[in-house]
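Construct all of the structure, not just a fragment, from the sequences and the given hints.
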Amino acid sequence: MKKNKIFEDIVHGIFLLLGLITVGCVVIITVYLIISGLPAIKEIGLVNFLFGKKWASTAADPKFGILPFILTSIYGTAGAIIIGVPIGFFTAVYLSKIANSKVRAVMESAVNLLAGIPSVVYGLVGMLVLVPAIRKIFKVPDGASLLAAIIVLAIMILPNIIKVSITSLDAVPIEYEDASYALGASPIETFFKVSVPSAKSGIAAAVVLGVGRAIGEAMAVMMVAGNVANMPSLFQSVRFLTTAVASEMAYSSPGSLQRNALFSIALVLYMFIMLINAALNFFLKRDKEK
Amino acid sequence: MKKIIRLLTVMLLLLSVLAGCNKPNGEEEKGTVATDGSTSMSKVIGALGEAFELETGITVTYNATGSGAGIAAVLEGRCDIGLASRGLKQEEKDKGLVGTVLAYDGIAIIVNPENPINDLDLETIAKIYTGEITNWKEVGGDDAEIVVIGREAGSGTRDGFEDITKTKDKCLYRQELTSTGDVITTVGSNSAAIGYASLASVKESVKALTVGGVKASEENIKNGSYVVQRPFVLVTKKDVKLSESAQKFFDYMTSEKVRDIISGTGVVPAN
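Heads up: the protein sequence lines correspond to chains A and B, in order. In terms of the working numbering, the first sequence opens at residue 1 and continues consecutively. In terms of the working numbering, the second sequence opens at residue 1 and continues consecutively.
For the record, the hints were derived by calculation from the structure and aren't laboratory data. Even for Gly, the Cβ is constructed at its ideal location relative to N, Cα and C. Among the clues, some could well be false.
What the hints assert, rightly or not - Each computed SDA-like pair below joins lysine to any residue, with the alpha-carbon atoms no more than 25 Å apart:
hint : chain 1 : residue 1 : chain 2 : residue 2
1    : B       : 170       : A       : 140
2    : A       : 63        : B       : 169
3    : B       : 168       : A       : 255
4    : B       : 207       : A       : 128
5    : A       : 53        : B       : 43
6    : B       : 203       : A       : 128
7    : A       : 139       : B       : 113
8    : A       : 139       : B       : 164
9    : B       : 168       : A       : 67
10   : B       : 137       : A       : 141
11   : A       : 63        : B       : 164
12   : A       : 139       : B       : 138
13   : B       : 43        : A       : 120
14   : A       : 193       : A       : 286
15   : B       : 170       : A       : 249
What the hints assert, rightly or not - Now the in silico label distances, taken between C-beta atoms and shown as ranges:
hint : chain 1 : residue 1 : chain 2 : residue 2 : range
16   : A       : 47        : B       : 93        : 32 to 42 Å
17   : A       : 278       : B       : 53        : 49 to 59 Å
18   : A       : 171       : B       : 53        : 51 to 61 Å
19   : B       : 117       : A       : 23        : 37 to 47 Å
20   : B       : 135       : A       : 170       : 50 to 60 Å
21   : B       : 55        : A       : 35        : 19 to 29 Å
22   : B       : 166       : A       : 121       : 54 to 64 Å
23   : A       : 286       : B       : 113       : 56 to 66 Å
24   : B       : 55        : A       : 38        : 22 to 32 Å
25   : B       : 135       : A       : 132       : 48 to 58 Å
26   : B       : 121       : A       : 28        : 51 to 61 Å
27   : A       : 29        : B       : 135       : 46 to 56 Å
28   : B       : 55        : A       : 23        : 25 to 35 Å
Printed below as a string of structure tokens:
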């Protein structure tokens, strides 16, 4: 008996240790980001940094305003949500409620495959197919633009939205739907007036997850957005918060204000992600409490 | 009891794996030289490293991170020799770094093969990049808006290009891409685009312009008549002695017998 107890304790200890690795990583990253992100903000000034419209980090008279990046990230994510959510949501309703099992199996594996495609592949296809297509269709001199980034992001967030929405739609008790049928509602009425409202927390969580993925994506966006620090406009080349960090980090010299400012951008991005996570927790909790 | 033993064995195995990662790099591990830096130098370092390994059995590792990161790596002692595709800045020299020029790299001005333009002079190129000239017809080409492609801030190629054309901080880019390959791909797929890339990486999919009538060729870079060129620099610390194998590699790279290997990669040897 005693031996068993010791064994249990040891195993508990090991599991606790392994669990703490994750917590430790988060803590280290947070502390590191704050420590390395604050000096530049202090030097540049919070208002100048967040609301400055010009970014010229290597100029003789450097400017470190990240408003273009913040707005681009917000616009880009919003655009991706506007395109991606309707497609993802209706796909999820169809797969969960309407499609027969064969169709569902095929489409679900396609969605899973889409989720597994590395972002650099999205970027590559975007760069070689989407960007020239935008140039031809809209008759603009160059297709690398906010629009290209929005389209790529919209496709990238589809699997997140579809999978999480399906899970929550599947979890709606069959009795709810049966009751609705018994009252004479048609299937479509039932889906949209009974099933979807019951699953709305899960669907909201799906959207928030999509936002998180879109705002955090760097590689694919870097390859199609053109990366110039312009104020966002649909057919202009733009730079996101993520790509601002990624594109200049490799060449910035350590300890310079440029490098520190990149850490500050990462810190701002991290704040965004934290807000999104808080929103996600809020929706999931509400789901549980119900 | 058996379970505990099994668990302990697993833990031990895991620990040994971790210990493996922890091997001290640098001095004690004889037979490797770590280089780190400029992505543009991958070809030349790859070729030199391979030949050196064949000759001496010492392995050369190369980490393609970018000039700034390579310089940082030397400074922090994370590699033996840093690689920069630009001259060292004064603030970097002040930190005790020394640069030794290995070779000169020509920066080719590239356009889409469909573009009828074959030659631009340095001044016109500067005007295009600063936005004074915005349409190809102003320089005798088709009626199409010029799409100016460049590299990200801090890139050695961009630094080199803007230095040479005297367009520092004045360039109006339509796209700032993060690798030479991206620039070539983009220019290759847009008939109105102009870009710059190291001569060594220029491919068939784009057309390299002559600058002021001078072709971007090795010979012209060597004799200085092709003006758009920049140095490939080996970065070391002034007061820190290189490990034996690193010193060997350094001497090897700067010796005259490797001229052919260096020029074989499309750049012009300095020694």
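Right, here's what the structure says about each hint:
1. At roughly 23 Å between alpha-carbon atoms, residue 170 of chain B and residue 140 of chain A fall within 25 Å of each other, so this suggested pair holds.
2. For the hint linking residue 63 of chain A to residue 169 of chain B, the alpha-carbon distance of about 11 Å falls within 25 Å, and the restraint holds.
3. A hinted pair counts as satisfied when its Cα atoms are at most 25 Å apart, and residue 168 of chain B with residue 255 of chain A qualifies at roughly 22 Å.
4. Proposed proximity of residue 207 of chain B and residue 128 of chain A is supported: the alpha carbons are some 19 Å apart, at most 25 Å.
5. For the given pair, residue 53 of chain A sits about 39 Å from residue 43 of chain B by alpha-carbon distance, which is inconsistent with the 25 Å threshold.
6. With a CA separation close to 17 Å, the supplied pair residue 203 of chain B and residue 128 of chain A stays within the 25 Å bound.
7. Between the alpha carbons of residue 139 of chain A and residue 113 of chain B the distance comes to roughly 20 Å, so the proposed pair stays at or under 25 Å and holds.
8. Proposed proximity of residue 139 of chain A and residue 164 of chain B is contradicted: the alpha carbons are some 33 Å apart, above 25 Å.
9. Restraint check: the Cα-Cα separation between residue 168 of chain B and residue 67 of chain A comes to about 23 Å, which is no more than 25 Å; the hinted pair holds.
10. Taking the CA atoms of residue 137 of chain B and residue 141 of chain A, the gap is about 14 Å. The hint holds against a cut of 25 Å.
11. For a cut-off of 25 Å, the pair hint linking residue 63 of chain A to residue 164 of chain B stands: about 23 Å separates their Cα positions.
12. Taking the CA atoms of residue 139 of chain A and residue 138 of chain B, the gap is about 20 Å. The hint holds against a cut of 25 Å.
13. Under the criterion of a C-alpha separation no larger than 25 Å, the hint pairing residue 43 of chain B with residue 120 of chain A is consistent with the structure, at around 23 Å.
14. Only pairs whose Cα atoms come within 25 Å are accepted, and residue 193 of chain A paired with residue 286 of chain A is accepted, the gap being roughly 20 Å.
15. Proximity of residue 170 of chain B to residue 249 of chain A is assessed by CA-CA distance (about 21 Å); at most 25 Å being required, the pair is judged to hold.
16. Separation of residue 47 of chain A from residue 93 of chain B is about 36 Å and conforms to the stated range, judged on CB atoms against 32 to 42 Å.
17. Against the hinted window of 49 to 59 Å, the Cβ-Cβ separation of residue 278 of chain A and residue 53 of chain B comes to about 53 Å, which satisfies the hint.
18. Between residue 171 of chain A and residue 53 of chain B the beta carbon distance is about 59 Å. The supplied range of 51 to 61 Å therefore holds.
19. At about 60 Å, the CB distance of residue 117 of chain B to residue 23 of chain A disagrees with the hint of 37 to 47 Å.
20. Checked against the given bound of 50 to 60 Å, the beta carbons of residue 135 of chain B and residue 170 of chain A, roughly 58 Å apart, stay inside it.
21. As the Cβ distance of residue 55 of chain B to residue 35 of chain A is approximately 46 Å, the hint placing it in 19 to 29 Å is violated.
22. Between residue 166 of chain B and residue 121 of chain A the CB atoms are about 40 Å apart, so this pair departs from the stated range of 54 to 64 Å.
23. Our hint of 56 to 66 Å for residue 286 of chain A and residue 113 of chain B holds, since their Cβ atoms are close to 59 Å apart.
24. Checked against the hint of 22 to 32 Å, the pair residue 55 of chain B and residue 38 of chain A fails, with Cβ atoms roughly 50 Å apart.
25. The given range of 48 to 58 Å is broken by residue 135 of chain B and residue 132 of chain A, whose C-beta atoms sit roughly 20 Å from each other.
26. A hinted range of 51 to 61 Å for the beta carbons of residue 121 of chain B and residue 28 of chain A is consistent with their spacing of about 54 Å.
27. Between residue 29 of chain A and residue 135 of chain B, the C-beta spacing of about 48 Å keeps the proposed range 46 to 56 Å intact.
28. A C-beta distance of roughly 50 Å is found between residue 55 of chain B and residue 23 of chain A, which places it outside the suggested range of 25 to 35 Å.
The structure fails to meet hints 5, 8, 19, 21, 22, 24, 25 and 28 from the earlier list, while all remaining hints are met.
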